[in-house]
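Enquirer: Sequence lines, in order, name chains A and B.
Using our numbering, read the first sequence as starting at 1 and increasing by one per residue.
Using our numbering, read the second sequence as starting at 1 and increasing by one per residue.
The set of hints was computed from the structure by calculation and includes no laboratory data.
There could be a bad hint or two in this list.
[Said to hold, decoys possible] One-sided and incomplete, this derived list gives chain A residues near chain B with beta-carbon spacing under 8 Å:
#1 93
#2 97
#3 135
[Unchecked claim] Here are some chain B residues pointing at chain A (derived, C-beta under 10 Å):
#4 14
#5 37
#6 80
#7 88
#8 89
#9 117
#10 119
#11 196
#12 204
#13 210
#14 211
#15 216
Backbone N, C-alpha and C define an ideal beta-carbon position, used for all residues, glycine too.
Chain by chain, the residues run as shown.
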Amino acid sequence: MKALVLNGIGDRAQHLDRIGERIVQELRSLRWKTENLILRDIEIAPCMGCFGCWVQTPGVCLIDDAAREVTRKIIGSDLIVYLTPITFGGYSSELKKALDRSIGLISPFFTKINGEVHHRKRYAQAPKLLGVGVAHEPDEESARIFKTLIGRNAINMHNSADAACIVYEDQSATEIEEVVQAGLSELGVRS
Amino acid sequence: MNSEGNRVLLLVGSPKAPGKSVSEALGSYVIEKMEARGWSSESIFIRASLQSDEGRAALLEGVKASDLIILSFPLYVDSLPAPVIRAMELISALCCKKNARLAVIANSGFPEAQHNKVAMSICQRFAHASGLEWVGGLALGMGGALSGQRLEEQGGMVGKIIKALDLAVDALVNGESVPDEAIRLMAKPLIPGWMYTTIGNFGWRREAKRHGVRKKLGDRPYQR
Ligand SMILES: Cc1cc2nc3c(=O)[nH]c(=O)nc-3n(C[C@H](O)[C@H](O)[C@H](O)COP(=O)(O)O)c2cc1C
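Model the full assembly from the supplied sequences, consistent with the hints where possible.
Expert: See the structure below:
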């Protein structure tokens, strides 16, 4: 099984990379082939909102940069992990620059899910999604927004399962491991 | 007229070129109305401004000088476009003008305005983190039915939007928050939902045909 960690930690918070490393270690210990993508080191232009990935070169973004490969890796994985400092409740710009460029993974056509309009699938199977939000301090509202966002994304991108967890900057490696393990168990990745 | 306390900044969050986005059409309408009420204004396109040091500096200067910031953006993957988040990260590290306020306008491609809820919450948290007073947000569904044209030129369908924006302007110039009635009007479907998705699905086929890929719309180029 393959996992991809999308590490959206920014330049100024590189000390938080240790969280990404723990996630990778945990997955590898479960014998998952795991790749850790440090997005801040990857140049990805912003989405231009042209929908070319739907109606011009279906499934492929018109901008020829590293985002194409990231997108290929996302759909080629059985599990993706969004690792991000919780930023006003949502994702960091580093994580989001990759996600905005990945909508070619779904179809432009509309369908209804739970009475609400979304897009149809493009691929038969999308990976499971684990959101790992890093918080500076406990903040219920931000945590609520983050968890809701992961759930909403999972509907839109047709992730086959989703879970969100929050870790704190000052937590020990063991504490972080426990939180991540609980998230992985929720997804059925870990028994 | 440029009286103290009456400076509004429009931040356009769509990455599209000037004149092309729904975000700009909605935001510009508000700005023009506020100018007519004696406010001075500035408009900044976020994606373009982040491309250079000068642009970034101008963005931050613009924010610092404003009494009211209006952020108008498209919903991207249930949240805000990456460049807008980047701008928020930069702005929150800065000291805004005392008593400065933030109002937002969100527009989404799906018909239901409720898709914008998470993004609205994010904007509110951003205001809080940046010392800006949150004065509310308007959320619109069916953005795909609109264009970058001046709002007044987009036909009868936009009547509710114009009414909502007028109500918001009235409140904002008086130092009040965006009224509930404006939020309600803005969230009203422009056309029936089934019609929007039918026209939308037809539009994707038409566009694909124009590009000679009508039969490739369902391609899976990254299939394992
Ligand atoms: C990368 C990307 C992601 C999008 N994600 C969503 C979404 O999650 N929900 C939604 O309703 N619309 C979504 N849309 C549609 C836009 O919000 C919609 O087309 C909007 O009207 C564009 O506004 P603009 O002209 O101001 O850029 C997305 C569009 C793009 C390009």
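Enquirer: Hint compliance check: list the failing hint numbers for this structure, sorted ascending.
Expert: 3, 5
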